[in-house]
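Protein chains in written order, with numbering that gives the first Met the number 0: chain G, 0 to 339; chain R, 0 to 339.
Rather than coming from a laboratory, the hints here were simulated on the basis of the structure. You may find that some hints are simply not true.
Stated by the list, open to error - Result set (DSS-like, lysine-lysine): computed pairs, CA atoms no more than 27 Å apart in a straight line: (1) G/K184 / R/K227; (2) G/K227 / R/K308; (3) G/K308 / R/K227; (4) R/K125 / R/K235; (5) R/K235 / G/K235; (6) G/K184 / R/K324; (7) G/K227 / R/K305; (8) R/K235 / R/K93; (9) G/K93 / G/K235; (10) R/K227 / G/K305; (11) R/K184 / R/K235; (12) R/K184 / G/K227; (13) R/K125 / R/K305; (14) R/K324 / R/K305; (15) G/K125 / G/K305.
Stated by the list, open to error - A few chain G residues that face chain R, going by a derived Cβ cut-off under 7 Å, partial list only: (16) T139; (17) T140; (18) R202; (19) P207; (20) P208; (21) F220; (22) P228; (23) L230; (24) P243; (25) P246; (26) G254; (27) Q269; (28) E272; (29) A276.
Where a beta carbon is used, it is the ideal one built from N, C-alpha and C, also for glycine.
Here's the letter readout for the chains.
Protein chains: 2
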Amino acid sequence: MPGHSGPSRRTLCMLGALGFVSGRQAFAQSDPLTSWNDSAPKLAILDFVARVTQEGGPDFVAPAQRIAVFDNDGTLWAEQPMYFQEAFVFDRIKTLAASHPDWRETQPFMAVIEEDREALAAAGEKGLLDLLAATHAGMTTDAFAATVAEWLQSARDPRFGQPYDRLVYQPQLELLAYLRANGFKTFIVSGGGVEFMRVFAERAYGIPPEQVVGSSGLVNFRLLADGKPELVKQPKVEFVDDGPGKPVGINRFIGRRPILAFGNSDGDQQMLEWTGAGSAPRLAALLHHTDAEREWAYDRASHVGKLDKALEEARLRGWTVVDMKRDWKRVFAFEPKGAL
Amino acid sequence: MPGHSGPSRRTLCMLGALGFVSGRQAFAQSDPLTSWNDSAPKLAILDFVARVTQEGGPDFVAPAQRIAVFDNDGTLWAEQPMYFQEAFVFDRIKTLAASHPDWRETQPFMAVIEEDREALAAAGEKGLLDLLAATHAGMTTDAFAATVAEWLQSARDPRFGQPYDRLVYQPQLELLAYLRANGFKTFIVSGGGVEFMRVFAERAYGIPPEQVVGSSGLVNFRLLADGKPELVKQPKVEFVDDGPGKPVGINRFIGRRPILAFGNSDGDQQMLEWTGAGSAPRLAALLHHTDAEREWAYDRASHVGKLDKALEEARLRGWTVVDMKRDWKRVFAFEPKGAL
Chain G
0 MPGHSGPSRR
10 TLCMLGALGF
20 VSGRQAFAQS
30 DPLTSWNDSA
40 PKLAILDFVA
50 RVTQEGGPDF
60 VAPAQRIAVF
70 DNDGTLWAEQ
80 PMYFQEAFVF
90 DRIKTLAASH
100 PDWRETQPFM
110 AVIEEDREAL
120 AAAGEKGLLD
130 LLAATHAGMT
140 TDAFAATVAE
150 WLQSARDPRF
160 GQPYDRLVYQ
170 PQLELLAYLR
180 ANGFKTFIVS
190 GGGVEFMRVF
200 AERAYGIPPE
210 QVVGSSGLVN
220 FRLLADGKPE
230 LVKQPKVEFV
240 DDGPGKPVGI
250 NRFIGRRPIL
260 AFGNSDGDQQ
270 MLEWTGAGSA
280 PRLAALLHHT
290 DAEREWAYDR
300 ASHVGKLDKA
310 LEEARLRGWT
320 VVDMKRDWKR
330 VFAFEPKGAL
Chain R
0 MPGHSGPSRR
10 TLCMLGALGF
20 VSGRQAFAQS
30 DPLTSWNDSA
40 PKLAILDFVA
50 RVTQEGGPDF
60 VAPAQRIAVF
70 DNDGTLWAEQ
80 PMYFQEAFVF
90 DRIKTLAASH
100 PDWRETQPFM
110 AVIEEDREAL
120 AAAGEKGLLD
130 LLAATHAGMT
140 TDAFAATVAE
150 WLQSARDPRF
160 GQPYDRLVYQ
170 PQLELLAYLR
180 ANGFKTFIVS
190 GGGVEFMRVF
200 AERAYGIPPE
210 QVVGSSGLVN
220 FRLLADGKPE
230 LVKQPKVEFV
240 DDGPGKPVGI
250 NRFIGRRPIL
260 AFGNSDGDQQ
270 MLEWTGAGSA
280 PRLAALLHHT
290 DAEREWAYDR
300 ASHVGKLDKA
310 LEEARLRGWT
320 VVDMKRDWKR
330 VFAFEPKGAL
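Could you build all of it, start to finish, from the sequences and the hints given here?
Shown next as structure tokens:
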């Protein structure tokens, strides 16, 4: 590009690379959070981002330190009537049952095949681990990723009839993009399986695999006879990235304290505590599912995404609570068909 | 910056943000790898980067896939006469001995205090774990990082009299910068402790904490009585990022296969195998320490950075072997004083 050289262009490009220019553009342009109502949470977010990006200001945070972490289930996409990874497990068991005739007479497989919720609950944690072993282990990491991708293409959620990865929250997509435009690095920190989430996180959220932190099973390296290396998933839980495991996972994978954390359940409490306790300006936010019409309404009594203690904690520590019904203009990108 | 707006500036900035412009600048400008001799490894690197960044070319790799992984000890900085983290452990034991009078009569501490290599070797792995527990656990992650930072400021290596983090290889700093200028994301994947490396990796290599993969000990989250959260390091090894652990660590932390891997010892063999077996164009490289005058010469018989099987493997699999003496014009950024 001749005729454009010189220090001002260079400075501009450096600023662009750091997200400053696009950040200013986002401000100068119209509303970056169009699916959010102009209520308190949106104003708190805009104010926070303005403060930490204002060079020379008292709350300025260098771009390298602008780490934002988001829970996934119930924070970036829906989690009802069951965690979507659970739906994947159940669908897989039903598919695999064709080549496992013994499952028709063995728990917990029988319970899944017959959709017997009571028998499944009775199988407890041991049952869950058996189901995980049957669907998440004994194959290479590549084969597992291919299976998840295939499932995401074919499966539909029972309420909206959508592919599961379309049940992502439009306001959160805008928030992620807005943060990145302002020099933030956005991460997922979720109790979900890391290898499950990485299949769709980049496409659905613009979050690359190396910025996805999650629970994981043991993986072994092996060299085949022809010298080809493989990574094989083992039937052994290795790390549970939930509750107190979330700040531990942040420390392990990210290695610095976020300045923004967004969750929706008691499993996010420690992540928000850890984020909120830093010395720089911090934003800790909880999504409260209050919208039975457009999505779901649940909190203290829910079997998924239980939000009880963390809601108390939010009051005590001054976290931002996003009320879905009140604060979101729109929930999903798609238009729900018919009455809900 | 008024008067500079318009689509061409915007395009330029986007390209800049992706590393394209600076990449082209690096090519257009003089040599990006000035500390490398114009021998085969440098030409292989330049050719590889040119191919994977040529849009529309047969070997083009999208920027998001340009993952480069580097071992640390012996690949990015020196590792003789002992791993620098080992030097940290020994120095810490000597410092802490003042408040642990019993150590003067207890192995393996006695061996460290008296610099008795034989007794230390006799203490074996159990001894090593005791030393790690005494120096790497029982404190918060923040306190540990502060201790490492302090040590790096005060300690000097026995041969060059330099702070340890000045014993980084100048040719590798140029390579890291060159890769980043061409849209690569650079990672460390090392057997060293992740919390040890993160203290200096950003300053020394331009590699942020979230791009450092390493061995780790267990960390626990706890809430103090005043509600302040803490992460406390426990005396328990959790993950060893060495040998077959390296591709496992890459899978866990990065979640996609690198297209470039650089190591120097048998502990890097599986990482190079894993990288080399991908379908996209790949570059796998080994640094061979052949320069006793400017650095050290060691390989098959060395107690640190042993390079034996991987050297055979390099021949079989066609990896690039960098001969320090032959291929590097300069080793360190500093000028060694006097005869070595």
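Hints, one by one, checked against the model:
Distance hint between G/K184 and R/K227 is fulfilled; the C-alpha atoms sit about 25 Å from each other, no more than 27 Å. With a CA separation close to 17 Å, the supplied pair G/K227 and R/K308 stays within the 27 Å bound. For the hint linking G/K308 to R/K227, the alpha-carbon distance of about 17 Å falls within 27 Å, and the restraint holds. A hinted pair counts as satisfied when its Cα atoms are at most 27 Å apart, and R/K125 with R/K235 qualifies at roughly 12 Å.
The suggested pairing of R/K235 with G/K235 holds, with an alpha-carbon distance near 19 Å, which does not exceed 27 Å. For the proposed pair G/K184 and R/K324, the alpha carbon gap of about 40 Å is over 27 Å, so the pair is violated. In summary, the hint linking G/K227 to R/K305 is supported, as the alpha carbons are separated by about 23 Å, within the 27 Å threshold. Of the supplied pair hints, the one linking R/K235 and R/K93 holds, its CA atoms being roughly 22 Å apart against a limit of 27 Å.
For the proposed pair G/K93 and G/K235, the alpha carbon gap of about 22 Å is at most 27 Å, so the pair holds. For the hint pairing R/K227 with G/K305, the CA-to-CA distance comes to about 23 Å; that is within 27 Å, so the pair holds. Among the hinted pairs, R/K184 with R/K235 is inconsistent with the structure: their alpha-carbon atoms are about 31 Å apart, more than 27 Å. About 25 Å separates the Cα atoms of R/K184 and G/K227, which keeps this hinted pair within 27 Å; it holds.
Our distance criterion of 27 Å between C-alpha atoms is met by R/K125 and R/K305, whose separation comes to about 22 Å. The straight-line distance between the Cα atoms of R/K324 and R/K305 is roughly 18 Å, inside the 27 Å bound, and the hint therefore holds. Proximity of G/K125 to G/K305 is assessed by CA-CA distance (about 22 Å); at most 27 Å being required, the pair is judged to hold. The interface hint given for G/T139 is broken, as the beta carbon of that residue sits about 10 Å from the closest beta carbon of chain R, more than 7 Å.
The beta carbon of G/T140 is positioned within 7 Å of a beta carbon in chain R (closest approach about 6 Å), and the interface hint is therefore held. Using the Cβ-Cβ criterion of 7 Å, the hint placing G/R202 at the interface with chain R is not satisfied: the shortest such distance is roughly 11 Å. Hint status for G/P207 relative to chain R: holds, with the closest Cβ pair at about 6 Å, below 7 Å. Using the Cβ-Cβ criterion of 7 Å, the hint placing G/P208 at the interface with chain R is satisfied: the shortest such distance is roughly 3 Å.
Taking 7 Å as the C-beta cut-off, the interface hint given for G/F220 holds, the closest approach to chain R being about 4 Å. Checking G/P228 against chain R: minimum C-beta separation of about 5 Å stays under 7 Å; hint holds. For G/L230, the suggested interface contact is upheld, since its CB lies about 5 Å from the closest CB of chain R, less than 7 Å. This hint holds: G/P243 has a C-beta 4 Å from the nearest C-beta of chain R, less than the 7 Å allowed.
Interface hint status for G/P246: upheld, as the beta-carbon distance to the closest one in chain R is roughly 5 Å, under 7 Å. Hint on G/G254 holds. Least Cβ distance to chain R is approximately 3 Å, under the 7 Å limit. Because the smallest distance between the Cβ of G/Q269 and any Cβ of chain R comes to about 6 Å, under 7 Å, the interface hint for this residue holds. Look at G/E272: its Cβ gets to within about 5 Å of chain R, closer than 7 Å, so that hint holds up.
Of the supplied interface hints, the one on G/A276 holds, with its beta-carbon coming within about 5 Å of a beta-carbon of chain R, less than 7 Å.
When the structure is compared with the earlier hints, violations turn up for hints 6, 11, 16 and 18 and for no others.
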